[in-house]
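Chains as they are written, first to last, in full-length UniProt numbering: chain A, 1 to 553; chain B, 1 to 326.
Hints listed in this document are in silico derivations from the structure and should not be mistaken for laboratory results.
As the structure is a computational prediction, the values presented were derived from the model and not from experiment.
Yeah, the Cβ is synthetic: ideal placement off N, Cα and C, and Gly gets one too.
The reader is advised that the hints may include incorrect statements.
[To be verified] Below, simulated DSS-like cross-link-like pairs (lysine-lysine); rule was C-alpha separation at most 25 Å, straight line:
{"#": "1", "chain 1": "B", "residue 1": "Lys-112", "chain 2": "A", "residue 2": "Lys-389"}
{"#": "2", "chain 1": "B", "residue 1": "Lys-197", "chain 2": "A", "residue 2": "Lys-389"}
{"#": "3", "chain 1": "B", "residue 1": "Lys-129", "chain 2": "B", "residue 2": "Lys-112"}
{"#": "4", "chain 1": "B", "residue 1": "Lys-197", "chain 2": "B", "residue 2": "Lys-135"}
[What the hints assert, rightly or not] Chain A is nowhere near these chain B residues, computed Cβ spacing over 12 Å in every case:
{"#": "5", "residue": "Arg-57"}
{"#": "6", "residue": "Leu-216"}
{"#": "7", "residue": "Ser-232"}
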Amino acid sequence: MTAVALAPAVPRPSFGSTLSGTGRLVRFMLRRDRVRLSVWTLSVVAFYAYFAVALDAMGPEALAGRALVMETPAGIVMGGPGYGIDNYTVGVAIANEGITWVVLALGIMSVLHVVRHTRAEEESSRSELVRAAPVGRHAPAVAAVITLFVVNAVIAVVSALALYGASGEAMPLADSFGLTVGSGLAAMVFGAVAVVACQITEHGRGATGIGLAAYGLALVLRSAGDIQERHGSLLSWFSPIGWAQQMRAFVDLRWWPTALSVVAILVLLVLGAFLASRRDFGGGLVATRGGRADAPASLRSPLALAWRQQRSAFGWTALGMALMWYASGTLLPEILEMGVSGAEDNEMFQAVFGGTDPAVFRDGFLSAMMLFAALACAAYAIVMSGRAKAEETAGRAEVLLALAVSRSRWFGAHLVVVGLSTVVLMAVSVYAMWAGAVQVGMDEPGLAAYTDVFWTYSVALLVYLGLAAALYAWVPRFASAVWLLLVYSFVVGMFGAVFDLPEGAEAISPLNWLPAGFGEAPETASMVGLGAVAAVLLGLALLGFRWRDLQSS
Amino acid sequence: MTATPAIEIHDLRKSFGRVQALDGLDLTVQPGEVAGFLGPNGAGKSTAIRVLLGLLRADSGTARLFGGDAWRDAVELHRRLAYVPGDVSLWPNLTGGEAIDFLGRLRGTVDKRRKADLLERFELDPTKKARTYSKGNRQKVALVAAFSMDVDLLILDEPTSGLDPLMEAVFTEYVREAAAAGTSVLLSSHILHEVEKVCDTVTIIRNGTSVESGTLDELRHLTRSNVTAVVSDDPSGVRGLAGVHNFATAPADGGTRVTFDIDNAQVGPAMSQLTALGLHSLTAAPPSLEELFMRHYGDVLPGAESADDGADDTASAAAQGTAGAR
Ligand SMILES: Nc1ncnc2c1ncn2[C@@H]1O[C@H](COP(=O)(O)OP(=O)(O)OP(=O)(O)O)[C@@H](O)[C@H]1O
Ligand SMILES: [Mg+2]
Chain A
1 MTAVALAPAV PRPSFGSTLS GTGRLVRFML RRDRVRLSVW TLSVVAFYAY FAVALDAMGP
61 EALAGRALVM ETPAGIVMGG PGYGIDNYTV GVAIANEGIT WVVLALGIMS VLHVVRHTRA
121 EEESSRSELV RAAPVGRHAP AVAAVITLFV VNAVIAVVSA LALYGASGEA MPLADSFGLT
181 VGSGLAAMVF GAVAVVACQI TEHGRGATGI GLAAYGLALV LRSAGDIQER HGSLLSWFSP
241 IGWAQQMRAF VDLRWWPTAL SVVAILVLLV LGAFLASRRD FGGGLVATRG GRADAPASLR
301 SPLALAWRQQ RSAFGWTALG MALMWYASGT LLPEILEMGV SGAEDNEMFQ AVFGGTDPAV
361 FRDGFLSAMM LFAALACAAY AIVMSGRAKA EETAGRAEVL LALAVSRSRW FGAHLVVVGL
421 STVVLMAVSV YAMWAGAVQV GMDEPGLAAY TDVFWTYSVA LLVYLGLAAA LYAWVPRFAS
481 AVWLLLVYSF VVGMFGAVFD LPEGAEAISP LNWLPAGFGE APETASMVGL GAVAAVLLGL
541 ALLGFRWRDL QSS
Chain B
1 MTATPAIEIH DLRKSFGRVQ ALDGLDLTVQ PGEVAGFLGP NGAGKSTAIR VLLGLLRADS
61 GTARLFGGDA WRDAVELHRR LAYVPGDVSL WPNLTGGEAI DFLGRLRGTV DKRRKADLLE
121 RFELDPTKKA RTYSKGNRQK VALVAAFSMD VDLLILDEPT SGLDPLMEAV FTEYVREAAA
181 AGTSVLLSSH ILHEVEKVCD TVTIIRNGTS VESGTLDELR HLTRSNVTAV VSDDPSGVRG
241 LAGVHNFATA PADGGTRVTF DIDNAQVGPA MSQLTALGLH SLTAAPPSLE ELFMRHYGDV
301 LPGAESADDG ADDTASAAAQ GTAGAR
């Protein structure tokens, strides 16, 4: 009798059950991320529109000069395969130079979005709550991909319309769409890579790393291919960035390369789904290895722990930066030669790089390279200073502070590790470039000039770290506001001379206090001032952290 | 007592924005005492413990450990105590063994023998990476780290959450051992039998205020016993006695079965009355702590007269217990 009563009570799972609840999750994700996604959308659209307007304001002559730079190896690395370079219009310039960066921005957004809604959720065991509800196994990942698609689609459409509008309808609508849709699809490939990565590794951080490394690889393939051959060699066709650029928007638009992105995305998603069904919830495919039962003798202070937590990130970053700047160094003579000839009849160039005198131009150009190097190091400092906050919210700081560890000692340990790593990264960048330049016989500027650059930039970098730390100590909720300073510094550093900004506005950027030319003697007062600002900010940070409540979830 | 209390909290207040987490809390733990710290979810136990550890700053009132100020002298005081949170998060790239050593070294040297003993008793594999530990095993890492230290005070905030019953027994054993060695313990817990097993005194808090504190025996005294008896005569007279609650009767072999709860202070008169009615059989269940806690936690004790909020209810419960007036 009981058997009869029980039999129908267990419904058989239907085919679609691994996806049930997807719709609700999509709505939930869009709601939860509405601010974050709006900011991304607005930023990318603003970038397109601003780029179009700024290029237009340069005038055709300056654009032609710009085209010359885009034929140098560095120009190709930073830009693209050089379609339409003989008739460098605003649209051509955006397509040639902008795609690499737009795909980078959208790619970062895509990777972070996927990881945030899948692996990071699993790690925090929040999604256990979700999955225990009637929600299918694949639903969170599928919902993340759907929302990602929606966001990229919105960005592509609005950006295309913005380009069309900003150019006063001079840029054909079809090409505008080709540009934005191609970039969006290329970026989604990296999101799809992240979906696969999330199945392989157990940690969100690892998955993010794999996603970003995929972009790095794509950039290397594309650059190498494009340097080998104008308009790209076979190598360029292995890179999603290349697929977007090979659409030749504003030159001779063709749509079929988008099929490559679409196929790549689908293949990766199928692979992700396949892997996902083969792993456990919360687990990865790569099992974590066992470790030692006792701590090494060196692990006996908060400083040692902070270093232990950051050393692998530091190591990989240092390696990446060393390779990149060494490579840039070896390319310097070539770039400079072409740049100087290009600058002769180019006012924009002269404004940015300080003139046509080869030595002056060289130093100006090197300074611009150093700006990139320094901003990358500043970004590292900001990201890594965020580790302290992560430790606090996870409750791990609490465990240490309940021992005989003072707040200053704990927080100070983090700051020391981040500060030293940042300075070392700056040294790695600067001397790697020097080594590359010397390797190809470029002895000027000499080592002393590079050393001056290294230490002056290091002082400025500590200001970014100081601000990040002070914000975290006093107003932890707004800790990420320090990114604004970074973006601002970039804009002022790159375009300050072009825009003719008022003095006071430029002074906000710490980098503005450094010598303008490469290896120029620094002003003592400026350096002392920068150092003082950094010291005050770091002091304030330590003080503020001593006085506030500890937060934990 | 003349010795400086291990923990001394007086009129402690702490608010988070509009939430008043602690509202005049009082708590004292004497040296060598094992104190239970109970209260419903959100009562403010963890907040009080965080203030004691100098992790949160009190708005007003005093929080002292060994006579020192919990906020100002935090680092010095922490040399003498160990803390186990209820939800342990470990460093992702450290193994459990490394975490234990590291935590131990921040206080002093690690006693390898003791660590090995503890690992064996708690059946913990120290070579696993933090992420691969289950909830209970993460908890064990923190427990092993705490018990391997030679300290004067253990502050434990729901330390056994996630432990299986066997491990809970091991935990109880180590707490007893620590107490025998003269260590004071503050144990916040929702597991009543655990508190009953190891604690000398208990403090119950609600809405940030202590509503009851004393030894377990004292607290038992405040509660009621459950009586079941079979008598030959009509027992309805018992219903009107002072301190009798939930009175019920049912026909039984050879008389009437009567059940009721009785305030412990009023047991005497009720017993003489029952005897006078011709007593056939009698069982009296000892007062259960559970009932006491229920009353303080949420007024769900059957027959509790008022459903006011914490403070009022306690006052009336206490008054009832001691005076038995009706
Ligand atoms: N950082 C914070 N911000 C805002 N409110 C908080 C914060 N920490 C605690 N609270 C609030 O303070 C009150 C007391 O919380 P507390 O964690 O001390 O409770 P508890 O007694 O430990 O509860 P539980 O038994 O669930 O652990 C709760 O209402 C809680 O919501
Ligand atoms: Mg708690």
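Here's how the hints hold up against the structure:
1. Between B:Lys-112 and A:Lys-389 the alpha-carbon distance is near 33 Å, which puts this suggested pair outside the 25 Å criterion.
2. A C-alpha spacing of about 39 Å is found between B:Lys-197 and A:Lys-389, which places the hinted pair above 25 Å, so the restraint is violated.
3. Restraint check for B:Lys-129 and B:Lys-112: satisfied, since their Cα atoms lie roughly 20 Å apart, inside the 25 Å limit.
4. Distance hint between B:Lys-197 and B:Lys-135 is fulfilled; the C-alpha atoms sit about 24 Å from each other, no more than 25 Å.
5. The beta carbon of B:Arg-57 is not kept farther than 12 Å from every beta carbon of chain A, the shortest such distance being approximately 6 Å.
6. Under the 12 Å C-beta cut-off, the non-interface status given to B:Leu-216 relative to chain A holds; the minimum distance is some 28 Å.
7. Remark: the non-interface label on B:Ser-232 is consistent with the geometry, its nearest Cβ contact in chain A lying 45 Å away (cut-off 12 Å).
Consistency with the previously given hints fails for numbers 1, 2, 5, ordered from lowest to highest.
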